[in-house]
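Q: Please put together the full structure from these sequences, using the hints given.
Read in order, the letters of the sequence shown correspond to residues 1 to 363 in my numbering.
If you are wondering where the hints come from, they were derived from the structure by calculation, not from laboratory data. It is possible that some hints are incorrect.
[Claimed, not checked] Quick list of the computed label-pair ranges, beta carbon to beta carbon:
id, residue 1, residue 2, range
1, 284, 238, 49 to 59 Å
2, 35, 80, 17 to 27 Å
3, 168, 109, 25 to 35 Å
4, 294, 238, 17 to 27 Å
5, 81, 166, 47 to 57 Å
6, 164, 266, 44 to 54 Å
7, 354, 277, 14 to 24 Å
8, 15, 356, 52 to 62 Å
9, 63, 270, 40 to 50 Å
Where a beta carbon is used, it is the ideal one built from N, C-alpha and C, also for glycine.
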Amino acid sequence: MFRPKIPFFHKLSHKRQIWSSYRSLLRLAHRFTDPVERTYLHSWIRERFHTNTFQTSPQKVATSLSDAKWAELVLASALDGNASQQQLISDLAYARTGYLHTIRQRLAEFHHPTKSCQLIRDVRPSHSRRRQPHPAYRIPVDPRAIPIPPHLLARIHDEDAREQRRLKALRTKQDRARARQISALAAAVNQGSCAMDSGLVPGAFMPSDSLPGINGNPAYLPPKPKYSVDPPLVQHVRASSGFEFLRVNSRKPSHALSARIAKSFRDVAKWLHRHEFFFYFTEDLKLEEEFEQRLGIEDPGYWVYARNYRNFLRNRIRTFAQQTESVENPDISRMIREGMPEYRMLEEYVDSHDRELDAKNKN
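A: Right, here's the structure in full:
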């Protein structure tokens, strides 16, 4: 059977390697005590990995992974007390060298009164900004380390006000166009020449009816767009399986990540179901036994069902322990480890009745 060759960047082993390196770097970054350095390292790591998301060249991916390993060694060395590595990270975070230093110089030298600087306002379409934001916004210019020039702050406020005025004028224009369309439709219906809806009789709409959008009718509210310019940076998403998570910058997670999230959700649901079964099985036996004792029946024999089920579980565990593939299977090991508290509760219940039965037989 012919099977198409799967690209390496679609294989789960490659994705696990990327995720492992990404998580280890973020853990090391969050161990730094300086908030400026911690913010810079977190943003820098995310910027590098998100930039290489669409990389398909094996050589470039291998180079990026080797750079990630080198960065992991540098961060670990700085946390262990290496003075040179600590100074390097401090210089990068406080814009004394590196990418932020270049941005700081460009911000200080930009004094044009009318032209829009891409570091101040990203001029690309909204879908491009959502898919791949500008690197200047991925590594934030921390005001604690880099003071922003006052003239640029004034430019930002002016451009924001200009953008809000433009959007307001656009909404007003759309509302007026919608009102003109409604009035034209009403006039056509009143004249009896409207082919859009033959069920309306001539004269159905009169000027005294105060049509929506005409004569300042306050009952008419034009529909507002869900997002005026861009969607929010962080969205709360609920998956079909019931799992809830936060989607950052409107990025939809990959199919492999969604499948892993759904699998973890199903595993937790199975573990809860197994826990409830063990717990309520033993509790129901105790409740039935107590009820029979109130009726005057000393030994109803419900514990025999628990003993049989205990023996069944013992045989299953013994069988798993004798099979090499079962011992090395992490799912089976986790199942035995997680179900052990309920299994011990079942053991105590059966052993107590075994001891009582042995005492009666001796007497």
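Q: Are the hints correct? Go through all of them and say.
A: Structure-based check of all given hints:
| no. | hint | in the structure |
| --- | --- | --- |
| 1 | 284 x 238: 49 to 59 Å | violated (34 Å) |
| 2 | 35 x 80: 17 to 27 Å | holds (21 Å) |
| 3 | 168 x 109: 25 to 35 Å | holds (34 Å) |
| 4 | 294 x 238: 17 to 27 Å | violated (47 Å) |
| 5 | 81 x 166: 47 to 57 Å | holds (54 Å) |
| 6 | 164 x 266: 44 to 54 Å | holds (47 Å) |
| 7 | 354 x 277: 14 to 24 Å | holds (23 Å) |
| 8 | 15 x 356: 52 to 62 Å | holds (57 Å) |
| 9 | 63 x 270: 40 to 50 Å | holds (41 Å) |
Violated hints, in rising order: 1 and 4; the structure is consistent with all others.
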